[in-house]
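Asker: Heads up: the sequence lines are chains A and B, in that order.
Under our numbering, the first residue of the first sequence carries the number 1, and numbering increases by one thereafter.
Under our numbering, the first residue of the second sequence carries the number 1, and numbering increases by one thereafter.
Treat each hint with caution, since some may be false.
Just so you know, same-sequence chains aren't split out, so a pair can sit in one copy or run between any two.
Stated by the list, open to error - Pairs of lysine to aspartate or glutamate, DMTMM-like flavour, derived with a Cα cap of 20 Å:
(1) 114 - 59
(2) 46 - 67
(3) 187 - 251
(4) 128 - 141
(5) 128 - 92
(6) 90 - 153
(7) 29 - 153
These are computed hints drawn from the structure, not numbers from a lab.
Read off the chains here:
There are 2 protein chains.
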Amino acid sequence: MEQLKIIKIGGNIIDDENALESFLNDFSKIHGKKILIHGGGKIATKVSQALGIQTQMHEGRRITCKDTIDVVTMTYAGLINKKIVAELQKYDCNAIGLTGADGNLIPSIKRPVKDIDYGFVGDVKEDKINTSLLQLFISKEICPVFCAITHDENGQLLNTNADTIAATIAKSLSKVYNVDLIYCFEKNGVLADINDNNSVIKNITPENFDKLKSEGIIANGMIPKLSNAFDALDYGVNRVIIKNAQYISDDSGTFITQN
Amino acid sequence: MEQLKIIKIGGNIIDDENALESFLNDFSKIHGKKILIHGGGKIATKVSQALGIQTQMHEGRRITCKDTIDVVTMTYAGLINKKIVAELQKYDCNAIGLTGADGNLIPSIKRPVKDIDYGFVGDVKEDKINTSLLQLFISKEICPVFCAITHDENGQLLNTNADTIAATIAKSLSKVYNVDLIYCFEKNGVLADINDNNSVIKNITPENFDKLKSEGIIANGMIPKLSNAFDALDYGVNRVIIKNAQYISDDSGTFITQN
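Work out the full structure, taking the sequences as your base and the hints as a guide.
Answerer: What follows is the structure, given as structure tokens:
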């Protein structure tokens with residue numbers, strides 16, 4: 001099978017104009033088939049404040065009210081996504097900016113209300129990803145660039161976690177490509193010592209994961225991230241790589257593999 | 001050649017939620033190949049005001065400063081475009097929302113400064129439209145939905161007249177399709193009596209255009225619109241139709257043809 005790199009960048013890069021431009025230049029130079037997924041950034045909060053919309057959070061997660069879904073649609077699908085696309089075009093990478101509504105690429109379901117009503121938040125329908133359209137883009141050397149907006153197939157746009165979108169697309173396309181799922185952030189990888197950016201754990205497998213957990217080296221927020229990574233591997237993703245966005249082109253970072 | 005309908009809607013429909021939903025329902029039911037181009041609307045001005053950005057106009061045209069191109073990108077390419085796409089998906093029309101930057105579909109050039117600096121406004125490079133990608137979408141029964149944003153191929157998004165985008169796409173695709181270019185607005189067509197919505201001039205040809213002008217029946221803003229329509233016909237567009245968005249499915253309106 002052909003190689004496909006699925007790369008996710010987060011708000012830290014989006015908010016730093018120079019870092020973003022540098023990343024996009026590097027990204028454009030990556031050979032072969034690739035997809036970019038980007039998160040949000042502070043601009044949504046800034047626009048919300050200007051429009052007098054209260055940003056409600058619950059345990060670090062944004063509650064997406066009717067006004068907020070409009071603001072994230074504006075900022076993620078409009079401003080950020082199209083700026084990224086235009087920048088990639090400058091570097092001769094033929095990008096196309098997408099939400100999950102476009103081409104019905106990512107149908108999702110509004111999260112059911114249990115204890116908390118997260119509002120217009122979508123959970124992806126994993127088995128309904130429009131992989132054939134993604135394959136068509138890729139075969140024509142068009143690079144899909146996704147923001148983290150999906151839809152419910154009934155006219156409603158939904159705010160969706162960008163990490164989840166990346167993982168879901170990676171799993172779906174693993175049937176037809178040899179997929180590397182790459183999460184970029186501001187650190188050099190999964191660190192053995194959180195204060196030492198040079199302490200990157202080079203490889204994590206199911207075998208050493210339990211050991212790293214029991215020793216307390218991997219803890220807190222990193223545990224669900226790694227559990228999701230192993231889930232992606234179970235669904236056929238070749239490798240999950242967690243690395244620094246600054247070094248997208250080299251072989252640095254933490255490689256999460258089956259063995 | 002196969003039929004293709006290229007339909008442009010303006011700000012009046014965009015600003016009226018019920019009218020827009022009704023139009024999109026009708027649009028989704030149009031058989032055959034189709035492309036939608038939409039204008040802006042008042043939301044850009046509202047967001048600009050909230051963000052404290054002065055809206056500068058010159059002879060009814062918006063001057064697009066650096067902050068303003070961000071706002072129109074947010075509102076046109078983000079909010080309006082994606083709401084339209086999600087709504088069309090609801091009606092089983094497989095829409096894809098696009099700017100001219102996506103897939104490098106519409107390269108343009110920043111308007112040179114003469115007496116007035118219009119700022120980040122783009123004039124379309126007519127011979128560089130990516131018709132092969134549009135044909136690909138159409139062949140796959142995907143309906144392109146364009147907002148009026150293009151790019152300069154050097155990383156800069158540009159604000160572009162939606163009527164011009166519609167006409168340029170229509171001319172380019174006339175080489176491969178039998179194109180009807182349809183401008184929707186709030187009146188029933190080109191009116192012989194501006195105060196009588198039932199006084200639609202059914203057909204305008206180069207032959208009766210001069211007569212209608214000399215009699216003062218067609219005047220002011222309608223003259224350049226009709227000149228552009230004849231230009232489109234010269235480039236191979238089959239018919240230009242000016243009609244009421246409410247009646248998109250019937251054969252009402254003014255038909256502008258070569259003879």
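Asker: Looking at the structure, which of the earlier hints fail to hold?
Answerer: none
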